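A.B. asks: What follows is each chain in one-letter form.
2 protein chains.
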Amino acid sequence: MMMMTMFVFSNIKRISRHSLRRYLSGMEKQKIGIIGSGAVGTFFGLRLAEAGHEVRFLASRQQKKIPSSLALESWQGNYILENPKIYETTKKLIDSGENLDWILFCLKSTVFDEYNSEEEETQFIKDLLEPCVDKKKTRIQILMNGLGVEEKLAKVFSPEKIFGGLVYGGLSKKENTIIHQGVPVEIRGGSFLDVKSEIEHAKQLWKSTPYIQYSPQECLLQAQYSKLAWNIPFNGLTIVAGGVDVSQVWGKTNPDDQHVQHSDASILLRQSALGLMQEIVQLANADLKAQSKSAEFFLNSDHLISILSAITDKMAQASYIPSTTQDFLSNRPMEINSIFAEPLARAQALHIPVPRLELLVGLLCSIRNSQK
Amino acid sequence: MMMMTMFVFSNIKRISRHSLRRYLSGMEKQKIGIIGSGAVGTFFGLRLAEAGHEVRFLASRQQKKIPSSLALESWQGNYILENPKIYETTKKLIDSGENLDWILFCLKSTVFDEYNSEEEETQFIKDLLEPCVDKKKTRIQILMNGLGVEEKLAKVFSPEKIFGGLVYGGLSKKENTIIHQGVPVEIRGGSFLDVKSEIEHAKQLWKSTPYIQYSPQECLLQAQYSKLAWNIPFNGLTIVAGGVDVSQVWGKTNPDDQHVQHSDASILLRQSALGLMQEIVQLANADLKAQSKSAEFFLNSDHLISILSAITDKMAQASYIPSTTQDFLSNRPMEINSIFAEPLARAQALHIPVPRLELLVGLLCSIRNSQK
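Chains X and F are the protein sequences, given in the same order.
Sequence positions in the first sequence follow the working numbering and run 1 to 372.
Sequence positions in the second sequence follow the working numbering and run 1 to 372.
Derived by calculation from the structure, the hints in this document are not laboratory data.
None of the values given here were measured: they were computed from a predicted structure.
It is possible that part of the hints are untrue.
[Said to hold, decoys possible] Here are some, though not all, of the chain F residues that point toward chain X, as calculated from beta-carbon distances under 10 Å:
{"id": "1", "residue": "Gly242"}
{"id": "2", "residue": "Val244"}
{"id": "3", "residue": "Val249"}
{"id": "4", "residue": "Thr253"}
{"id": "5", "residue": "Ile267"}
{"id": "6", "residue": "Leu268"}
{"id": "7", "residue": "Pro355"}
{"id": "8", "residue": "Arg356"}
{"id": "9", "residue": "Gly362"}
{"id": "10", "residue": "Cys365"}
{"id": "11", "residue": "Ile367"}
The beta carbon of each residue, even a glycine, is placed where N, CA and C say it ideally should be.
With the sequences and hints as input, model every part of the structure.
C.D. replies: Dropping the structure here:
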């Protein structure tokens, strides 16, 4: 449930090549294709390459020149991959011979925004992925924000080979270098169909690098809604309040006197953020029920809100700006459909009243229209 | 209930001085003080001067030079008042001798924003108004947006001498000229205590000019909420959606095919506008009940929403920008407290859930903070 993992990998901050190799024992070298060359895809590709796997990257469409190295600057130790295997098409990811064991699918969800129908979307997925996917063998680990990407891929590929995962921990990209500072990176990962034996494969893969905390989720959808219960209020409200940091929505706790410092705006926006969390919990539980998930996975509103509130207190101290808000401020495409519009569509289909979410999505769409 | 009065004063478009004087028969010349020299105060002052009353204006604090004339450009006929009586203090409004019969109180409600307590506010009202108010005689007609100004004045002056009024019809100011175009001006006026015999005095006053439609309201609070049910969604949402016109929130009806044209944003914002109307109706009825108003004055949600929707359809065709949104776009102070925050405070006191209003006010306050 934790947004920023607070535990510390104290024993792995400095790890020798010798000890790193130990992590590979018990698992054969995997052939891994990375689709999406942003901070997330490149980071995980580098960590897996460092652990000894054969990693092949798909070049981004904007990339004019294939770099001669990819680098990682991390508080847990730097890493440079010389002569990375970067290819211009997904067909070339397997041209060397054997099929891929894994694909990490790490595009920004706005990649789907340019398609006007499900058919167009499906065609895009086929054109992009079919050349490098062996339907019997290749597992696809999605590492993207929001809801609904697993469903899109499950229309084309074996649903039991599809994995979802939520990334926690700050990563940023500067040219060919990924910068990772401050908190350990965690993947809350699950299998799209919640197949236990399949999650074991993902656990094996991620166990090969000590720098990634892989937390297997018995119910992927529950994990996704748990993250949305934070992302929807805070990525959303910080944008529509004008592109502010979390403290402007949540108020700032003064560590000296332990009294909460609020303006009128943040008192009301904090209430709205809490109200949005309630709406997401109600939606989550209705969706989990509709998808026949066990009641043990239903979210407990008080418990989740108290955890998320504690995390947000810390973020407000650090003037944290959520990722979608950073996109907004940099005039980049915002992940509105997967984080906000897809949950709203599910609420409408399930007849769950979400007045705040409806208003929020209306404003975000309006802001997106005016950005174009 | 109508926002833009649709009837036409066809018989008064061109009125002779002779026939105008007839309107004065049956009422003695009144001594009238105008507090607030914006479009509203100046317009009504000029119309009453034209009708033969003695009108004295309070100069605005920003006014450096007293103008030698005030003018009115109207589709119903122009009017110029030469050598208007404009004074720098309210004491001077009565220095000529007799007390005032009426005061028109037409300040922008943001005038109260600079005071931090009820005491400070009350002191401001005393300093401003006491010099020109005879508590036994002078009636005070408030013509301001939102809720709560009558209550503020009733702490200082006889509540039965206080009148509220809602102005409908487009007025703008350009230097010393008021421009009035297109629709007849209507005041929906009531007595603060809903005293029938007092409303008769207001009716008499406004009957003296044919250019103002005075619609007496048996229940002032009902009339105020009826207007707020439009102003809150549309002044509010057009601001937080980025300073847009009504059609961006409501969608635009295409007059050719009679099909409603919407973007995703306006479909959702239209739903939110309708949801806000519902919240205001629920709040209105709880407040009317709490203030022991007769149930006959409770708002009927379906009826009110259908009237407001029809009016909004016309405004969306004309790309109408609400007054608060014009203030926002011009970086002028916005009437957030009286139009939005006071209704929210009443909803909180009455325990009426208003999730959309709470979110809207939070965003408006945040936008106001960033404007400063």
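A.B. asks: Which numbered hints does this structure break?
C.D. replies: Structure breaks hint 4 only.
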